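Model the full assembly from the supplied sequences, consistent with the hints where possible.
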Amino acid sequence: MTDKNDYPTLANADLIDAERSLFCDARPVPYEPYPVDFVEKFANWVRANSLWVLAFGTGCGAIELNPLMTSRFDANRYGIQMRPTPRQSCVIVVAGYSSVKTLKRIIRSYEQMQGPKFVLGLGICSLNGGMYWDSYNTIKRIDQYIPIDLYVTGCMPRPEALLAGFIELKDKIKAGQCDGTNRYVKDFDWYKANQKKVIKNWDMPDYNW
Amino acid sequence: MNLTHDFSPTPEVDLASGKYVKIWHGPQHPGITGNMSLELTLCGDEIVNCKTHVGYLHRGFEKLMERRTYIQNFPLVCRIAVPEPTFNEYLYSAGIEDLAGIEVPELAKWLRCLNLELMRLGSFLMWLGGASGAFGMSTVYQWTVTHRDYILDLFEEMTGARIYHMYISPGGVRAPLPDGFKDRCLMVMKKVEKLLYEVETTVLNNAVFKKRAIGLGVISSDMVDAYGVTGPNQRAAGYARDTRKDSPYLVYEQLDFDVITATGSDAFDRTIVRYQEMHQCVSLIRQMLDRMPTDGAFHTPTPNVLHWKIPAGETYVKAECTRGEYGYYIETDGSEYVRRVHIRGPSYTHAIAVMEKLVIGANIADVAGLMVSLHTYPPEIER
Amino acid sequence: MIEALKQRLSEHFQLTNLTIKNAGLAFLWVEKHELEMLLRQLRDFEGYTHLSFIIASDHIEKNQFKLTYMLHNYDTKHDLGVHVDISRVNASMHSIHPLWAQAWTYQRELKEMYGIDFPESPRVDEDFCLEGWDDMPPMRRDFDTVKYCEEHFDDRDGRATEENRQTMKVNIYPERGE
Chain A
241 MTDKNDYPTL ANADLIDAER SLFCDARPVP YEPYPVDFVE KFANWVRANS
291 LWVLAFGTGC GAIELNPLMT SRFDANRYGI QMRPTPRQSC VIVVAGYSSV
341 KTLKRIIRSY EQMQGPKFVL GLGICSLNGG MYWDSYNTIK RIDQYIPIDL
391 YVTGCMPRPE ALLAGFIELK DKIKAGQCDG TNRYVKDFDW YKANQKKVIK
441 NWDMPDYNW
Chain B
277 MNLTHDFSPT PEVDLASGKY VKIWHGPQHP GITGNMSLEL TLCGDEIVNC
327 KTHVGYLHRG FEKLMERRTY IQNFPLVCRI AVPEPTFNEY LYSAGIEDLA
377 GIEVPELAKW LRCLNLELMR LGSFLMWLGG ASGAFGMSTV YQWTVTHRDY
427 ILDLFEEMTG ARIYHMYISP GGVRAPLPDG FKDRCLMVMK KVEKLLYEVE
477 TTVLNNAVFK KRAIGLGVIS SDMVDAYGVT GPNQRAAGYA RDTRKDSPYL
527 VYEQLDFDVI TATGSDAFDR TIVRYQEMHQ CVSLIRQMLD RMPTDGAFHT
577 PTPNVLHWKI PAGETYVKAE CTRGEYGYYI ETDGSEYVRR VHIRGPSYTH
627 AIAVMEKLVI GANIADVAGL MVSLHTYPPE IER
Chain C
7 MIEALKQRLS EHFQLTNLTI KNAGLAFLWV EKHELEMLLR QLRDFEGYTH
57 LSFIIASDHI EKNQFKLTYM LHNYDTKHDL GVHVDISRVN ASMHSIHPLW
107 AQAWTYQREL KEMYGIDFPE SPRVDEDFCL EGWDDMPPMR RDFDTVKYCE
157 EHFDDRDGRA TEENRQTMKV NIYPERGE
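Residue numbers (this note's numbering), protein chains in the order written: chain A, 241 to 449; chain B, 277 to 659; chain C, 7 to 184.
Quick caveat, the hints were computed from the structure, so don't treat them as lab data. Some clues are possibly wrong.
Taking beta-carbon pairs under 7 angstroms as the criterion, some of the chain C residues facing chain A (in silico) [claimed, not checked]: (1) GLU137; (2) HIS158; (3) ARG162.
Model, not experiment: these values are computed from the prediction. Virtual Cβ for every residue (Gly too), placed ideally from N, Cα, C.
Below is the structure:
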């Protein structure tokens with residue numbers, strides 16, 4: 241094993257001294273694919289068929305997640321189910337606009353999820369601000385703060401559109417194209433700088449793991 | 277009137293003593309209604325202190341509306357309360373019509389009323405699923421959300437959209453009913469009624485539900501006016517107050533319905549009141565479909581909406597939504613832009629001040645049930 | 007009914023103005039120092055027991071905030087809006103949380119959104135909707151939300167946004183746009 245000192249650590253400069261020892265200061269590590277190609281392909285197939293979605297209704301898009309998960313559209317058929325905790329889930333759905341206050345919670349939830357993890361942007365306002373383009377409290381582009389794998393646009397996207405989005409996401413995972421986890425690790429400093437630019441009271445560790 | 281109630285917010289507790297533990301209930305939590313959070317201080321599993329945190333959905337609507345023309349605000353207002361957009365559309369339109377002196381045609385009033393009652397039923401169905409889910413009966417959640425979807429199908433036929441209808445525009449409505457809508461609507465009502473009887477046997481007569489909900493979160497009668505409690509929460513405390521009866525709007529004067537009340541004022545009685553109001557909704561929708569005029573104008577000609585200037589003035593219009601008094605205060609200054617809009621959502625007091633009081637002394641397992649029994653929607657709190 | 011109410015109130019208070027909007031709605035203006043007593047009178051003796059909301063609106067041209075306290079009388083089914091004009095400079099107002107237990111929430115919102123101080127109101131300095139806000143209170147008329155957005159949030163390339171006045175002038179009604 242390599243010594244911890246070989247890796248650069250995070251400063252956690254915004255935490256108070258008493259709390260600094262409570263949190264991890266390691267940087268995120270990239271996801272390493274299996275060395276054998278067909279094992280990685282098998283792993284991707286497995287991942288694509290059990291998408292566990294974090295049950296976090298971040299915005300108004302959450303209203304269409306209810307029909308999607310219940311008996312009419314029944315996303316459970318595709319191996320999609322809601323989980324109440326980020327530790328068990330691998331997909332986070334950013335359901336519409338995110339206010340700055342929610343963005344902080346989204347980041348915190350996202351960083352706690354197990355990799356490889358995927359992000360679905362739902363609704364036009366997660367893509368480019370939508371009708372809240374001039375609102376002082378909603379961000380315009382979610383992909384500046386966390387890496388997005390797929391957008392489902394519209395206001396409000398129908399459950400069918402959401403379902404199509406999930407199937408598209410599965411295809412991308414199977415093809416090994418969803419590299420959001422590694423993008424986040426690679427451009428970690430860029431993402432952090434963007435996050436800290438809008439979140440004024442940053443009172444959490446730099447990487448919530 | 278002699279109010280003996282303690283008005284002060286809940287006191288601080290001494291966390292350093294080690295007796296208490298502080299946990300967060302939400303915003304990322306399955307037992308919370310929407311995106312808000314409760315900061316709970318526990319002693320064992322009993323709650324001794326609670327602070328509510330809202331603002332996760334704040335989009336600054338009231339600011340944005342001051343920057344947009346009257347017609348540009350029309351697609352914006354329905355986004356304010358996600359599960360019940362039509363009440364926003366109706367009240368915004370009613371406020372504008374009041375200030376501009378526009379008279380709405382008769383057919384439009386009936387169509388608006390039908391739209392509002394369908395929305396109320398759909399919203400109650402969603403709530404019923406959440407309420408039974410919070411008490412551990414997730415099967416009912418599957419049933420009710422599906423039945424709400426049938427109502428959304430009716431909306432799609434009537435307005436063209438499932439969630440954000442943008443149907444009730446200033447001056448009337450956007451379209452008349454499509455052919456054969458009445459039969460399909462009656463069919464859905466039949467399905468919903470059948471579901472309601474099933475729910476009565478599985479939820480309302482369920483021993484577990486009764487055991488947990490009776491006596492949970494009692495709103496005492498002196499709290500009702502002090503905290504501004506409205507809607508089913510107020511009626512469950514024994515007050516027969518309903519905006520639809522007290523100051524009738526649209527066609528409610530011509531419809532036959534009673535104000536439903538209960539006396540227990542706990543989570544169980546609030547559920548019973550809402551359950552009976554769902555039956556009332558079905559009855560109202562049937563009455564409207566029977567007595568609605570079949571033809572006539574559905575929209576009054578309005579001035580060119582791109583240059584619509586409304587005379588200076590102020591007004592307050594309100595309606596009874598599923599949760600209580602929903603109101604719009606609109607102030608104009610004679611220009612093309614609105615001067616000030618304020619949206620009074622009933623959840624504002626229910627979810628913040630009332631919740632903080634009621635949750636004291638409850639167990640942590642009952643917080644979700646208590647919260648859902650108040651029927652709160654965060655988006656209308658922070659707007 | 008509202009005329010009789012005005013008669014009774016005029017004996018004790020200096021009502022500066024009264025507008026009757028319709029049978030169920032009226033607005034009256036009162037001086038800042040009389041507000042608390044007037045609300046107490048309305049609540050205890052006139053039956054206006056329900057407080058619908060408290061809001062402010064910014065009248066920057068008069069250098070004033072207009073506060074509105076909307077009351078409802080369940081017996082006569084009447085809404086009464088009580089207006090108070092307060093100065094925009096160092097705006098501050100008496101708290102009415104002893105009268106209605108929910109009032110402190112509204113006052114907390116007004117403090118955050120307009121910067122109006124309510125000295126005795128509980129928890130008035132806590133964040134309400136915004137978190138870590140360090141700019142001017144956003145609901146004030148002179149807060150420019152578009153400028154704030156441009157400074158803090160980046161646009162996606164290719165998105166074009168048009169101010170409707172400009173669009174009307176150029177595209178839709180060239181001769182009529184202002």
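Structure-based check of all given hints:
no.	hint	result
1	GLU137	holds, 5 angstroms
2	HIS158	holds, 6 angstroms
3	ARG162	holds, 4 angstroms
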